[in-house]
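J.: Sequence:
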Amino acid sequence: VFTKANNCYIAGWGHTQGVQGETSEHLQEVKMTLLDTEKCNSSYMWNGRLTQYEMCAGYFNGLKAACSGDSGSPIVCQDEGETWKSVGVASYVYKTCSVATKPLVYTSTQSHIEWIRSHTVSQFTCGDGIQLFDKAMLCDTVADCKDRSDEIDRCNVSVNCSFS
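Everything in the sequence shown is counted per full-length UniProt numbering, starting at 1 for the first residue and increasing by one.
It is possible that some hints are incorrect.
[Said to hold, decoys possible] Once the Cα atoms are required to be at most 27 Å apart in a straight line, the calculated BS3-like pairs of lysine-lysine come out as:
no.	residue 1	residue 2
1	K135	K95
2	K64	K85
3	K64	K146
4	K146	K95
5	K146	K135
6	K135	K64
7	K135	K4
8	K146	K85
9	K39	K85
10	K31	K95
11	K146	K4
12	K31	K64
13	K64	K39
14	K95	K64
[As the list claims (entries may be wrong)] Have a look at the derived ranges for each label pair, beta carbon to beta carbon:
no.	residue 1	residue 2	range
15	Y44	V142	52 to 58 Å
16	E82	A11	17 to 23 Å
17	N47	T141	19 to 25 Å
18	W13	M137	27 to 33 Å
19	D140	Y44	40 to 46 Å
20	I152	G81	36 to 42 Å
21	D36	M137	39 to 45 Å
22	D36	N156	51 to 57 Å
23	Q17	N156	55 to 61 Å
24	A11	S43	42 to 48 Å
25	A136	S24	16 to 22 Å
26	A136	K85	41 to 47 Å
27	I152	K31	48 to 54 Å
The hints are simulated quantities; they were obtained by calculation from the structure and are not laboratory data. Where a beta carbon is used, it is the ideal one built from N, C-alpha and C, also for glycine.
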């Protein structure tokens, strides 16, 4: 479980000068603080809008924040072993980018970890090391691996033989 004590960053290409400005041409990052969900759901902030699958991060001064255009961007935190882990995906902000009473809301990756794994775990490794992530690419008569191993190794191949 990650808390405000963890070292966390967000990154994205969203607006840098409010929603009227241009989106960034360069990937931006900013250190963020994870905020207590109960506090974020208080009547002072999101007034009960956050679900059990959401969390928020930001600063109460509103000076550092994600903005419009950052949706889908990650928030990553360092664990005790100093390994960076994705803990959330930017979901929504209030009308503007930095409102002190409305920190950015993230969808928790931990709440959806089984779905994420089912869509990101390699299903097959070709002979040259290329990874295939979609099971539908196996045994579909299309050689996605240079060595055709995706059409041979796991496929039930039957051959009709006759002997005279």
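J.: Indicate, hint by hint, whether the structure satisfies it.
T.: Verification of the hints:
In summary, the hint linking K135 to K95 is not supported, as the alpha carbons are separated by about 41 Å, beyond the 27 Å threshold. About 21 Å separates the Cα atoms of K64 and K85, which keeps this hinted pair within 27 Å; it holds. For the given pair, K64 sits about 48 Å from K146 by alpha-carbon distance, which is inconsistent with the 27 Å threshold. The suggested pairing of K146 with K95 is violated, with an alpha-carbon distance near 50 Å, which exceeds 27 Å.
With a C-alpha separation of about 17 Å, the suggested pair K146 and K135 falls inside the 27 Å cut-off, and the hint holds. As the CA atoms of K135 and K64 are separated by approximately 42 Å, the hinted pair breaks the 27 Å bound. Proximity of K135 to K4 is assessed by CA-CA distance (about 39 Å); at most 27 Å being required, the pair is judged violated. A distance of roughly 33 Å separates the Cα atoms of K146 and K85; the hinted pair therefore is violated under the 27 Å criterion.
Among the hinted pairs, K39 with K85 is consistent with the structure: their alpha-carbon atoms are about 24 Å apart, no more than 27 Å. Among the hinted pairs, K31 with K95 is consistent with the structure: their alpha-carbon atoms are about 22 Å apart, no more than 27 Å. About 48 Å separates the Cα atoms of K146 and K4, which puts this hinted pair outside 27 Å; it is violated. Between K31 and K64 the alpha-carbon distance is near 8 Å, which keeps this suggested pair within the 27 Å criterion.
A distance of roughly 19 Å separates the Cα atoms of K64 and K39; the hinted pair therefore holds under the 27 Å criterion. Between K95 and K64 the CA atoms are separated by roughly 15 Å; this keeps the pair inside 27 Å, and the hint holds. About 56 Å separates the C-beta atoms of Y44 and V142, a value consistent with the hinted range of 52 to 58 Å. Between E82 and A11 the Cβ separation comes to about 18 Å, which falls inside the hinted range of 17 to 23 Å.
One distance hint, 19 to 25 Å for the beta-carbon pair N47 and T141, is violated here, with the actual separation near 55 Å. Range check, W13 to M137: Cβ separation about 30 Å, and the 27 to 33 Å hint holds. The beta-carbon spacing between D140 and Y44, approximately 54 Å, falls outside the hinted interval of 40 to 46 Å. The beta-carbon spacing between I152 and G81, approximately 40 Å, falls within the hinted interval of 36 to 42 Å.
The supplied range of 39 to 45 Å is met by D36 and M137, whose beta-carbon atoms lie about 43 Å from each other. For the hinted restraint 51 to 57 Å between D36 and N156, the CB-CB distance of approximately 53 Å keeps it satisfied. Between Q17 and N156 the C-beta distance comes to about 59 Å, which sits within the given range of 55 to 61 Å. At roughly 31 Å, the beta-carbon separation of A11 and S43 lies outside the given 42 to 48 Å, and the hint is violated.
A hinted range of 16 to 22 Å is violated for the C-beta pair A136 and S24, which are about 36 Å apart. Range check, A136 to K85: Cβ separation about 29 Å, and the 41 to 47 Å hint is violated. Range check, I152 to K31: about 49 Å between beta-carbon atoms, so the 48 to 54 Å window is met.
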